[in-house]
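Engineer: The primary structure of each chain is shown beneath.
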Amino acid sequence: MWNYEKRLQYPLKIKNPNAKLAQCIISQFGGPDGELSASMRYLSQRYTMPYPEVANLLTDIGTEELAHFELIGAIVYQLTKNLSMEEIEKSGFAPYYIDHTLALWPQAAGGIPFNACEFQSKGDIIADLTEDMAAEQKARTTYDNILRLVKDDPDVYEPIKFLRAREIVHFQRFGEALRITQDRLNSKNFYQFNPGFDRCKK
Amino acid sequence: MMSKEQEKLLYEISMIDFAIVELNEYLDTHPHDTESVQYIAQYNRVKHKMMREYTSKYGPLAVRYAEDEPEWSWALTPMPWEGGCK
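Those protein sequence lines, which keep their order, are chains A and X.
In this text, residue positions in the first sequence follow the working numbering: the first is 1, and each later residue adds one.
In this text, residue positions in the second sequence follow the working numbering: the first is 1, and each later residue adds one.
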């Protein structure tokens, strides 16, 4: 179960709305390497993780990703707050506005809706942890791309920089989880059996 | 609008909680690191104290901290994403 704390993980107070930027940053809300994908990936994979350290890590990182999902939502919300009709037309925000007004809806920067096919839950610890490491790197790249676009606004730059740094830490943690896993498998053949499916001899 | 004092306490809670989040993830893959276990216990105590102080001054940040009060301030305090562009 979960408990909610009514605060953002990183302080946020955006002074200047920017609908153009919001349309790019929304990719980390519902895009292929976004925070919704991240949290659903880890929180789905954890049930079949054979080792408690790894299942707990997926739970704790998956939980932090939910806080990132909230923070990205807050960034997009503040960037699009109180937009005038003129700003909506000029910034290219009109197509989004038609379907969602100023509400948050999980989609990629290119308008593609959120889709569970953007992540995997394979039931094999090596496959899943390798996917998780790649996911953290892809999210880091996305944040790098966003950072190049937001240089001029420290109100947006700083929280994005924070989120980018978290991807690097999570990549490290998943790497450690993979090492813990390999230490417990047959050192001559990691793939000899899948500890999430094949039964160990008692 | 939040007062400077409220903003400061909220910021300090965020910092302490970040240390807890980071240590917790680290401890998942290093559960035998006694020094870090002590650190997280200490930060947990500090956070608990700050959360109680915040609740008594500005209302609860989490339902489990809610206190006896004439009305349910949890429902009345603004959401955390409010406060940006005017």
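These aren't lab readings, by the way, just hints derived from the structure by calculation.
Take the hints with a grain of salt, since some may be wrong.
[Stated by the list, open to error] Heads up, simulated DSS-like pairs for lysine-lysine below, C-alpha to C-alpha not over 27 Å straight-line:
1. X:K57 - A:K161
2. X:K8 - A:K6
3. X:K8 - X:K47
[Claimed, not checked] Simulated coverage check for chain A against chain X, where a stretch passes if three residues somewhere in it have a Cβ under 8 Å from a Cβ of chain X:
4. 11-19
5. 23-32
6. 104-115
[Claimed, not checked] Covered stretches of chain X (chain A as the covering partner; in silico rule of three or more C-beta atoms under 8 Å from a C-beta of chain A):
7. 13-23
8. 36-48
Note that the structure is a prediction, hence the values are computed from the model and not measured.
Ideal placement from N, C-alpha and C gives every residue a C-beta, glycine not left out.
Engineer: None of the hints should be skipped; say for each whether it holds.
Structural biologist: So, going through the hints one by one against the coordinates:
1. X:K57 - A:K161: Not satisfied, since the Cα-Cα distance of roughly 32 Å exceeds 27 Å.
2. X:K8 - A:K6: At roughly 16 Å apart (the allowed maximum being 27 Å), K6 of chain A and K8 of chain X satisfy the hint.
3. X:K8 - X:K47: 14 Å, holds
4. 11-19: holds (count 7)
5. 23-32: It is violated: at least three residues are needed, and the segment 23-32 of chain A offers just 0 whose Cβ sits closer than 8 Å to chain X.
6. 104-115: violated (count 0)
7. 13-23: With 6 residues in contact (Cβ-Cβ under 8 Å with chain A), the coverage given for the segment 13-23 of chain X holds.
8. 36-48: Three-residue rule not met by the segment 36-48 of chain X, so violated; n is 0.
Consistency with the previously given hints fails for numbers 1, 5, 6 and 8, ordered from lowest to highest.
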